[in-house]
Amino acid sequence: MKPNQKDVEATRFKYLFLLPALILIFAVVIYPFIYNIVISLSNMSMSHFHDWQIVGFRQYAKVFSEPIFYSVLGKTVVWTIVNVFFHVVIGVFLAVLLNRYLPGKGIFRTLLIIPWAMPQYITALTWRGMFNYEYGAINLILSRLLHLPMVQWLKNPTDAFAACILTNIWLGFPFMMVIAYGGLQSIPKELYEVADVDGASGWQKFWKITVPHLRPVMIPAIVLGVIWTFNNLNVIWLVSNGGEPSDKTHILVSYVYKAAFNLYRYGYAAALSMVIFFILLLFGINFIRKTRATEGAY
Amino acid sequence: MRRRGISKLKLVAIYIFLILFTAATLYPVVRVFSISLRPGNRLLSTSLRIIPDGATFEAYRRLFTETDFLRWMLNSLIVSLAVTLTGVIFASAAGYIFSKYRFIGKKVGLTALLTTQMFPATMLLLPMYIMISKLGLINSYLGLIVVYLATVLPFCIWQMKGYYDTIPDSLHEAAIIDGCSHFQAFYKVILPLAAPALVITALFSFMGSWSEYIVAAVILQDQSMFTLPLGLKMFQANMSTDWGLYAAGSVIVSIPVVVLFIILSKWLVSGLTLGSVKG
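The listed protein sequences correspond, in order, to chains A and B.
Each residue of the first sequence is one higher than the last, beginning at 117 in our numbering.
Each residue of the second sequence is one higher than the last, beginning at 33 in our numbering.
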């Protein structure tokens with residue numbers, strides 16, 4: 117074969133292989149995405165399901181003019197920061213503990229991954245049962261073993277939100293632990309030996325050696341963690357049973373899910389989806405820019 | 033290993049802490065197991081014992097003989113296998129081109145795939161739900177499979193591309209110089225080397241569909257079409273009578289997933305970090 121023929125074959129192969137996937141992606145991702153934009157500009161709802169029409173940016177105006185958007189956004193930010201903070205702190209702490217000479221540490225490492233491995237919906241439903249006032253394990257432990265007052269976990273908005281956060285902290289720390297553990301193993305041992313010779317304390321070693329070396333590994337993990345937590349519908353929806361009590365425990369994604377599938381406000385829900393997407397996109401772009409900037413400084 | 037400077041006392045303290053922490057972490061899992069063993073008349077007990085009084089496998093027997101559990105399992109299997117098969121076939125092909133060939137729009141395409149990971153759940157679900165209901169595919173396997181593909185496919189393509197990136201270009205180039213067609217170079221040389229990535233991509237897309245509740249709750253309304261998550265949620269909602277069924281079902285559904293996940297977690301993490309380094 118002449119090289120020219122080879123090139124033709126390469127091109128043909130390339131597009132033949134890519135095309136099916138592109139068509140599929142167009143059908144299940146791009147087309148729905150564009151359709152979502154169209155819906156967000158329309159008045160589509162249960163009563164206007166077939167006879168909907170384009171109404172411009174009215175739904176977006178509604179999103180930003182309703183005070184509930186800001187209170188739910190505030191809760192989402194609290195939810196994300198609290199969760200990711202505890203995921204990272206618990207995860208790194210455990211990874212540091214496990215990264216020393218410790219016979220049998222493999223068993224702990226395996227057992228501590230289980231919260232991550234459990235199907236999320238089972239975790240959420242099980243914790244909902246454990247938060248039951250009368251029969252749930254949490255109140256039984258509080259009152260019998262610790263002699264503390266029982267808490268109306270699922271009846272009071274603040275406690276219900278706390279219950280969701282506790283559940284999500286439980287299922288999220290193992291991911292950070294595994295990532296941090298991998299990062300710790302790649303730190304050269306000699307650095308610590310030199311620090312020992314220089315008489316550094318354990319705390320100094322942690323801040324001067326461990327933290328700077330963990331940073332490049334942890335930062336992408338934290339970004340992923342923020343996006344996942346911000347978008348985590350399972351835990352909020354299943355632990356609070358769809359925002360109970362009285363829709364006071366929503367984060368943005370659960371609020372928009374309810375608007376779409378319980379209240380049939382399609383246009384509004386599509387607009388709100390776009391807003392959530394742009395919030396995350398801005399966060400992502402901003403993050404990439406920041407890390408590029410710090411990379412230059414090293 | 034930093035053996036130096038650690039006193040015996042400190043080591044004991046670490047062990048005690050780890051044992052207590054692990055016990056607390058595993059408690060919810062133990063609790064489900066314990067509830068699944070409760071006899072029917074003591075479902076709502078306030079006991080904290082791990083093996084309950086009069087422990088029995090009654091709930092497991094009822095689950096298989098008196099409920100639709102097996103039917104739900106079949107539904108879940110059909111949907112998850114279809115998603116996995118489609119996802120892996122398309123992703124192994126597209127990922128290869130993204131990794132080894134140059135074409136217009138490659139960078140844009142990869143970035144766009146990554147951007148889909150920032151979509152809130154309703155972003156594609158709502159338009160798809162409307163399309164599916166207009167096509168009369170509510171309550172069908174196909175409707176659910178299509179929505180799951182939308183979430184799984186971008187991730188699968190990235191995962192496969194990341195793995196192909198670790199295979200040196202010289203391999204398929206040498207095969208082509210030796211007279212293989214491009215397809216033969218892919219099929220005979222590269223694909224066998226990528227087998228581990230195929231297995232992992234397949235298992236993760238399978239487990240994703242197997243454990244999905246939110247989308248299924250929108251698409252499936254008929255109880256006979258339920259997948260496992262919907263069925264278990266139905267038991268859970270009726271705490272006084274079906275709490276034991278929920279617990280028994282959860283134990284059965286979770287065990288294979290948890291075991292697989294623990295085996296695979298090592299590769300998932302390396303895949304994620306690889307993706308972030310290259311991306």
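Hint data in this document are derived by calculation from the structure and do not stem from the laboratory.
Where a beta carbon is used, it is the ideal one built from N, C-alpha and C, also for glycine.
Treat the hints with care, since some could be wrong.
Claimed, not checked - 30 Å max Cα-Cα, derived DSS-like pairs, lysine-lysine:
#1 A/130 / B/139
#2 B/298 / A/221
#3 B/220 / A/221
#4 B/265 / A/374
#5 A/305 / A/324
#6 A/130 / A/191
#7 A/374 / A/364
#8 A/271 / A/374
#9 A/122 / B/220
#10 B/220 / B/138
#11 B/220 / A/130
#12 B/42 / A/305
#13 A/178 / A/364
#14 A/130 / B/40
#15 B/132 / B/298
#16 B/42 / A/130
#17 A/305 / B/138
To be verified - Each pair of labels, with its calculated beta carbon distance range:
#18 B/71 / A/329: 14 to 24 Å
#19 A/217 / B/215: 32 to 42 Å
#20 B/146 / A/361: 14 to 24 Å
#21 A/329 / B/147: 47 to 57 Å
#22 B/110 / A/323: 48 to 58 Å
#23 A/124 / B/256: 51 to 61 Å
#24 B/71 / A/187: 37 to 47 Å
#25 A/278 / B/47: 26 to 36 Å
Checked hints:
The hinted pair formed by residue 130 of chain A and residue 139 of chain B meets the criterion: a straight-line CA distance of about 16 Å does not exceed 30 Å. Pair hint residue 298 of chain B plus residue 221 of chain A holds up; C-alpha atoms about 16 Å apart against a cutoff of 30 Å. Distance hint between residue 220 of chain B and residue 221 of chain A is unfulfilled; the C-alpha atoms sit about 42 Å from each other, more than 30 Å. For the hint linking residue 265 of chain B to residue 374 of chain A, the alpha-carbon distance of about 18 Å falls within 30 Å, and the restraint holds.
Between the alpha carbons of residue 305 of chain A and residue 324 of chain A the distance comes to roughly 14 Å, so the proposed pair stays at or under 30 Å and holds. The hinted pair formed by residue 130 of chain A and residue 191 of chain A fails the criterion: a straight-line CA distance of about 47 Å is larger than 30 Å. Between the alpha carbons of residue 374 of chain A and residue 364 of chain A the distance comes to roughly 12 Å, so the proposed pair stays at or under 30 Å and holds. Annotation: proposed proximity of residue 271 of chain A to residue 374 of chain A holds, straight-line Cα distance about 19 Å (limit 30 Å).
For the given pair, residue 122 of chain A sits about 18 Å from residue 220 of chain B by alpha-carbon distance, which is consistent with the 30 Å threshold. Distance check on the hinted pair: residue 220 of chain B and residue 138 of chain B sit about 25 Å apart at the alpha-carbon level, within 30 Å; holds. Taking the CA atoms of residue 220 of chain B and residue 130 of chain A, the gap is near 17 Å; set against the 30 Å cutoff, the hint holds. The straight-line distance between the Cα atoms of residue 42 of chain B and residue 305 of chain A is roughly 21 Å, inside the 30 Å bound, and the hint therefore holds.
With a CA separation close to 20 Å, the supplied pair residue 178 of chain A and residue 364 of chain A stays within the 30 Å bound. The suggested pairing of residue 130 of chain A with residue 40 of chain B is violated, with an alpha-carbon distance near 62 Å, which exceeds 30 Å. Taking the CA atoms of residue 132 of chain B and residue 298 of chain B, the gap is near 25 Å; set against the 30 Å cutoff, the hint holds. This hinted pair does not check out: residue 42 of chain B and residue 130 of chain A have alpha carbons roughly 60 Å apart, beyond 30 Å.
For the given pair, residue 305 of chain A sits about 41 Å from residue 138 of chain B by alpha-carbon distance, which is inconsistent with the 30 Å threshold. Checked against the hint of 14 to 24 Å, the C-beta distance between residue 71 of chain B and residue 329 of chain A comes to roughly 54 Å, which is inconsistent with it. For the pair residue 217 of chain A and residue 215 of chain B, the beta carbons lie near 52 Å from each other, so the given range of 32 to 42 Å is not met. Look at residue 146 of chain B against residue 361 of chain A: about 38 Å separates their beta carbons, and that is not inside 14 to 24 Å.
Distance hint for residue 329 of chain A and residue 147 of chain B: a CB-CB separation of about 30 Å, inconsistent with the stated range 47 to 57 Å. Hint check: residue 110 of chain B to residue 323 of chain A, Cβ distance near 53 Å, so the stated range 48 to 58 Å holds. Distance hint check for residue 124 of chain A and residue 256 of chain B: the Cβ-Cβ separation is about 53 Å, which falls inside the suggested range of 51 to 61 Å. For residue 71 of chain B and residue 187 of chain A, the Cβ-Cβ distance of about 46 Å falls inside the hinted range of 37 to 47 Å, so the restraint holds.
For residue 278 of chain A paired with residue 47 of chain B, a C-beta distance near 31 Å keeps the hint of 26 to 36 Å intact.
Figure legend: structure checked against the earlier numbered hints; hints not met, in rising order: 3, 6, 14, 16, 17, 18, 19, 20, 21.
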